[in-house]
Structure formats: C-alpha cells, structure tokens
Amino acid sequence: MKKILVAVGAIAGALVIGGAVLGGMGANNATDEVKELTIYSGRSEEFIAPFFANWEKESGIKLNIRYGDSAELAAQILEEGKNSPADLFLSQDAGSLGAVSAAGLFKALPNSVAMQIENKYIAGDRTWVGVTGRARVFAYRPGAFSKLPQSVVDLTKPAYKDKFGIAPSNASFQAFVTALINQKGEKFAQQWLKEIKANGAKIFLKNSAIVEAIDKGEIDLGLVNHYYVWEVSEALGRKIDVEIGFFAPGDIGNLVNVSGVGIFATSQKNDAAIKLINYLTSEKTQIAFVEDTHEYSLISGVKSPEALPDLESIGAPQVDLGALENVQRTQDLLIRVGLL
Amino acid sequence: MKTQKDFGSYGLRALVVGVLILISQPLIYLVLRASEKSGTDVIALLTRQKTLEVLGLTLALLCIVVAINVFLGTAIAAGLHYVRIPYPRLMFVSTILPLAIPSYVFTYTWIALIPSLQGLWAAAFILVLSTMPYMLLAVSISFARIDSGLIEVARSLGLSKFAVFTRVILPQVRRSISAGALLSGLYVLSDFGAVSLLNVETLTVSIQNLFKSSYDRSAASVIGLLLFLAAAIFVSLESVLKGRDYESRGAEGFQQRIRRVSNPPLSILTTAVLALYSLLAVALPFYVLISRYLQNPSAVAFSDLVTAALSTISVAAMGAFIAFLLSLPLAFLATQGASAFASVAEKVTLMAHALPGVVVGLALVSFGSRLGPLYQSVFLLAFAYAVLFLAKSVASSSAALNLVSPQLKEVAATLGKSKSSVTLHVVFPIALPNLALGVLLVFLTAMKELPATLMLRPTGMDTLATEIWSFAAISRFNEAAPYALLLVLIAAIPTFILTIPRTAQKESAQKETEKKVSYL
Chain E
1294 MKKILVAVGA IAGALVIGGA VLGGMGANNA TDEVKELTIY SGRSEEFIAP FFANWEKESG
1354 IKLNIRYGDS AELAAQILEE GKNSPADLFL SQDAGSLGAV SAAGLFKALP NSVAMQIENK
1414 YIAGDRTWVG VTGRARVFAY RPGAFSKLPQ SVVDLTKPAY KDKFGIAPSN ASFQAFVTAL
1474 INQKGEKFAQ QWLKEIKANG AKIFLKNSAI VEAIDKGEID LGLVNHYYVW EVSEALGRKI
1534 DVEIGFFAPG DIGNLVNVSG VGIFATSQKN DAAIKLINYL TSEKTQIAFV EDTHEYSLIS
1594 GVKSPEALPD LESIGAPQVD LGALENVQRT QDLLIRVGLL
Chain S
1383 MKTQKDFGSY GLRALVVGVL ILISQPLIYL VLRASEKSGT DVIALLTRQK TLEVLGLTLA
1443 LLCIVVAINV FLGTAIAAGL HYVRIPYPRL MFVSTILPLA IPSYVFTYTW IALIPSLQGL
1503 WAAAFILVLS TMPYMLLAVS ISFARIDSGL IEVARSLGLS KFAVFTRVIL PQVRRSISAG
1563 ALLSGLYVLS DFGAVSLLNV ETLTVSIQNL FKSSYDRSAA SVIGLLLFLA AAIFVSLESV
1623 LKGRDYESRG AEGFQQRIRR VSNPPLSILT TAVLALYSLL AVALPFYVLI SRYLQNPSAV
1683 AFSDLVTAAL STISVAAMGA FIAFLLSLPL AFLATQGASA FASVAEKVTL MAHALPGVVV
1743 GLALVSFGSR LGPLYQSVFL LAFAYAVLFL AKSVASSSAA LNLVSPQLKE VAATLGKSKS
1803 SVTLHVVFPI ALPNLALGVL LVFLTAMKEL PATLMLRPTG MDTLATEIWS FAAISRFNEA
1863 APYALLLVLI AAIPTFILTI PRTAQKESAQ KETEKKVSYL
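Chains as they are written, first to last, in our numbering: chain E, 1294 to 1633; chain S, 1383 to 1902.
Pulled out of the complex, with its shape left as it was, chain E reads as follows (with noise of 0.2 Å):
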C-alpha cells in the first residue's frame, strides 16, 4: 500500500517537473530582439492564417496564433486578467474588444498607429483599432420580390409575411439588435421584434443557413452580413442564387460593425506588435482582405468587395461601436418576445 502511494506521489512529482521544464521551453525570454508575439483571434484560423504567415516572412517574428470564439476569447482573456500571455487580441467584433477595454486590459495605441483606419473605427480611447468592416444587410432571392424593403420596419408588412429569416441567436443580429435599442429605445426595438415574430420571421442557428435557406428557395430574405453571400457559394463549391441589398441611407438595418485589434496592457512587444497592426491595416493587406474574405476595408478609397457599393456611400448609420458591448439587455428583450 504504503509503496503504491509512494510511487504515485513520484510519478505526480515527475509530471509536475516535467511540465515545468516542457512549459519552460516553449515561453518566449525576454531579450532585446523580440521573436516572437503571442496573439488570440477571433478570426476563423482559414481566413486569417494565409496573413499572418505573410507577416511572420515579412517581419522575421514568429506569431502564436490561438484560434477561438471572439466572445469566448474575451471571456477567457477577463479571466486571465493580468497574467495573461498574448500581446494581441484580434476579435471579430466591437463587442468582444468593448469589453476587453473596459477591464482595463489594453493600452491606448499611439496616434501614430493605424493612420489610414478612418477614426470612426477607431475607440474613442484608441485602445483598440478597426480592422475589417461588415455591413448588416439583407441577402434575398433575385425575382422574388417587385420591391425591396426600405428599412428594417418593411418586415413587418404582409409582403413579407413568412418569407424572411434572423438569426436571433447570433452576435451579429444581437448586435444590430442593440444599436436599434441605442438608436430608438427599448420600446420601439421590442415592438419590431414582436411584428416581425408575428409576421412570420424564420428562426435561423447562424447566418450561413439563412443564406442556404434562399439558395434552396425555402425563404426569400434574409437579415446578415454581408459576406456570408460568398462564405456560403466557397464552403458549397458553387455559384449561389442570392444577392445583396441595403435598406435605404441611415436605416439602422444596414448597421457597420468592424473587427478590430488591440494590444494587452502587460504586452513587453509594444514595437512588434505596432508592427503588427500596422500590417494588418495597410492599404496592401487591406485590399488582400476585401479580395479574400470580401469584408469592407474600412480605408477610404479602396475598392469595395465584389460588386458592392462602398463603405461611405451604403448609408450606414451613425452609431458608437464602443456602446455595443453589453448585449445582455439585448438577449433579456429577444428572450421576453420569446425568440430566443
């Protein structure tokens, strides 16, 4: 018995040493030349891979990358406060970096960062930058209807009724879902919600499967961003029947949201990872962005994706990205009208 617990209580011991001295290898000394950078994304690994592998060529730094959930990420980085090790978090939303900067975990990026990023992008606080743009939009099926909706409140009309489709349960709709709340108050964002219910608003898990959804013809439109168009025509390896349309100018309905990148407070890289950002919102690896992942660059003059009209002229309303951070009132209003 005696030497069973023995034996056990030196095995645990090795595994202790043994992944201190293993652990101990992989961490990053600290010396005056810096080799490598430690960054989390939100970012799907099959978009944002191929970018930062040209970074690391370019800049002779090797990146570790850890892969997540956006609001995931963010929940983990609040855990690990101030001991956390990455240097960088690039999110796929303005929410997720919100919340981050109002833990007080990033630190405010010089003036000299991110020149081009229009400042509308920007935090007001510059402790974090814009990096893509996605407008909210309403994908439908060309021919299907003699005339397109002006604003989101068309949805609550019989030309509509059972015809369209949300995703109540993604960030992307909560966080259109809050900017209405912002812009118009709680009581009037709860009516619509309750309206489009009634009227026959098909509930969708992510916004992939509504843009499916038209394609197969079962729903004519469809509330989500406005890359999902292609993302869905490259995972199905075909061309889609589904088109791209704004509400009129101002409509909150065609809302711009940004993924964006900050660096962590306790960062020791501050250069490399100015470097970084500052890659990331080049004109080059912009332009690269609009044609890979077909998202808006938020630069002014560069091309728009595909077809679209560009950023400026979509009339995207006025609204503060920092206040999109907590969608917990949004979640309690879509859970009182019962769609989620």
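Check each hint, because a few of them may be wrong.
Here are the simulated DSSO-like cross-link-like pairs (lysine-lysine), alpha carbons at most 30 Å apart as the crow flies [stated by the list, open to error]:
#, chain 1, residue 1, chain 2, residue 2
1, E, Lys1495, S, Lys1432
2, E, Lys1328, E, Lys1487
3, E, Lys1487, S, Lys1432
It is worth saying that the hints were derived from the structure and are not from the lab.
Guided by the hints, dock chain S onto chain E, whose structure is given.
Relative to chain E, chain S alone:
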C-alpha cells in the same frame, strides 16, 4: 475487523482529501465569482422567470433521458444477454460504438438529415441515442457476472422466467442500473454540443450564453452553482434509489454461463430493437460523415490530420493517466468498507462531473494563468480532462470493487492481514480490469472534449475536436468531415476494447487471488 486501523488509512484519507481539493477547483471558482454579486442580485437572478424556465427544461430533459435509459437500456442489455439473437458479439459492439461519436458531431449529422430538428424532444432523442452506451456498458458488466447459482435455485423452486428476471436478476444489477443512470444523467446536465445545436436552453447553455453575451462571469457562476445543486440532488436521489448493496456470494457461481431464452417472437423483437438502435446511432451518422467527406471540394491536408490525431491521442492519454492516479485513493477508500467519509468523497466526485467544460475551462484559466509556464501547457489540459472525467473512472471502479466477494476479504483478514494488505493483494488484482475500464472511458471522453480544450490547449496546438470546431464555425462541414471521421474511428478503438468480454480475465484473476489467499 473494524478494530484494525493502520497508519495507511490516515495517509489514504489525507490523499483523498487532496484529490477532492484538486478536483473542486471549478467549484471554488464558481463560489468566488458568484460571491461578487450581492445577495439580492443573486436572489433576483435565481428567481427570475427565465432561470426557472431553464431549470424546468433541464430537469425535464434529465428525467426523460434517464427514464428512457433505465427502462429501454435495461431491456436492451437483458436482450443482449438473455435472448437468443444472431451475432450477439457484433450486436453488443454496435450498441456501444455510439460512445465514439461526440455529441456535437452526432447532432450535426442528424441536423444534416432532418434540418428542422430542434426542441426538447429532439434533444431527448439525440441524448438517449448518445448516452445509452453508458447504461448498456454498466448493466452488461453486471449481467455478465450474475450469480447463476441463485438462478438455478430460483428455477428449481418453480419461478417463471419472468419472475427469475425481476426477482433474482434485477436486484443483482440494480446498482449497475443506477450507476448507468447516474453517468447518463450527469452527461445530460453537462452537455453543451447537442442541446445548443438543437436550440434547447439548458442550464449549461445558459451558463455559456452568460459568459459569452454579457461577459458577466458572476451571473454565469450563480447559474453554475444552481447546476451543481441540481447535480447534488440528482446524485443523492440516485444513492437512495440504488438501495442496499447486494452481497456477492463469491466465486462459485461465476463459472456457469447463463442459457439464452429461445423464443422466436422475443428474439425477433430484440434483434429489431438492436438493429434499429445501431442504425440510428451508428450507421446514419457514419453515412452522413462519409458522404460529406466525399463531397469535400478541397483536398484533405494529410499532415494536419496526422498532427491533430497525434495531439488528440497523447493529451487524452495523459488526461486518462492523471485521472487514474487521482482515482486510486478514492478506489482504495471504497474498498475499505462503507463509511460516511467514503460516501461523501464519492458524491463530491460525481457532482463535480456535472459541471460543463466551459466552467472547468474558465476555472483552470483563472487559477492556471498564475502558474507561469504550466499555463496553456499540455499538462494543465490533461489535468482538466482528469477533473472533468474522474467520476467516470470512480463510478466504474466502485461498482467493480463492490462485486469483490466479502468472504474473500474476510478470509484474508482472518489470516492476520491488515486492511491495506488485503486491499493490495486481494481486492486490487480483481478490480484491476475494471479500473482499466475507467481509464479507457476517460481516454475516450477526453478525445471528444471541446470547450475546455479550446481554452486550455497550448497556443497553436490543434486537436481533432478543435479542427472540427474551426471548420464548422465557418459552415465548412464538408471540410470538417474528415476530422470528424478520423476522431470517430480512433475513438472506436478504445470503445471496442470496452466491449471485449472480461469474464474470462476476471475468472482467472479471481482464481489467482484464491491461490494467493491460501498462501497467506
């Protein structure tokens, strides 16, 4: 016998306490986080309509799945053992194989077949399909070790076959039925994959949503504690239901194989049920995965597949090994007879099993991020697996240890051996095969784990599960398919080993032990 107390037992208790503290990290985390909220906030959160609805839905799902598992599972296991059916071995293997399929993969394949699948009953359907093997495994082990001497006696006393089953066989397997119910119930409580895809907001989904949507970790932790409480009630109910320990009479009844009932209608019915279950739980998911794989437009990166498979296997194996080490003190304690301490230790282990991966993941992020190089190392991830799945090995080993004949222990003890010596030389060798079974179960489950893996894996390391996630997240199911297929195929190996009859091994172990006893 009870007067014999050696120092080993104090050391053992200390070790058990140490293990309990280690595996209670997630619980400690929940309490610390939840205490950031004021009392009135906590009460408001717990009593709001939404929370009550989620709790109600969770309990409904739990009851439905456990009830179906208990009745259908016991019937299926009985059919497998006592009814004449074609290819009984193959049938048994195919009913256990669903264990190899992660619940999220399982659900994806079913949604691919029936896109409108969602809601409570759909979730119950999917969860019954995927947790039934826990029931079948647990009950089959007991069926295989049934005391056939008693059955002969009962028959000679004129009992009908049905009466033999309900009055002689069932009482002997009651403990295993409740162990199976426990494992499948705790699985239902902690599952995220199936319920979230089917749009059923259980407590676990709620916790994940709260962590994600509002970054409100305190609210999520309050709901986490509610889940723990639900698990605690469930575990205590189970220990009431399983009743008195059935005293195994010893080795003499084991040799005889029980004859199968040959009744054509019953055989046809049993075969049909088994075939239907295998079709729904194994054949259809495989069909979807393979056809998705064939539709895959882009070439499979072979090296990525191999790397991910190797990382998956090695971390899961390390997790299973740590779980085995941690389960040893608990298993030894269980062999030293019933005590309040042992029963509390077992219950704490089981309750911790209901906590979902996201809670264990975040708890270990919170504590682990202070550990320097250990953080985001494979060791912390393997430790997370051990914490998550320790109950699996404890549950199977404690059921196994209870089957060791008490006479054998008494004989050894009367020969002047100390408690720990009896444990080491008599009980342990007999229990070893089933301890190994627990290790396999942990290994198998760890390979499929996703939420904690995403948070705790070394930066840059991919497992098969994280690869599936990363393709599925951007709707590239066809590209996820080869990873899912490989995961299922690799997981099928330990699953298959679990189904190898161990009666032969046990008999020889038992005989060997008898020899040892005579030498003592």
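Restraint check for lysine 1487 of chain E with lysine 1432 of chain S, where alpha carbons must lie at most 30 Å apart: 18 Å, holds
Restraint status (C-alpha distance of lysine 1328 of chain E to lysine 1487 of chain E at most 30 Å): 54 Å, violated
Satisfaction of hint between lysine 1432 of chain S and lysine 1495 of chain E, Cα-Cα up to 30 Å: Roughly 22 Å between the alpha carbons, so the hint for lysine 1495 of chain E and lysine 1432 of chain S holds.
Going down the numbered hints, you'll see the structure goes against just number 2.
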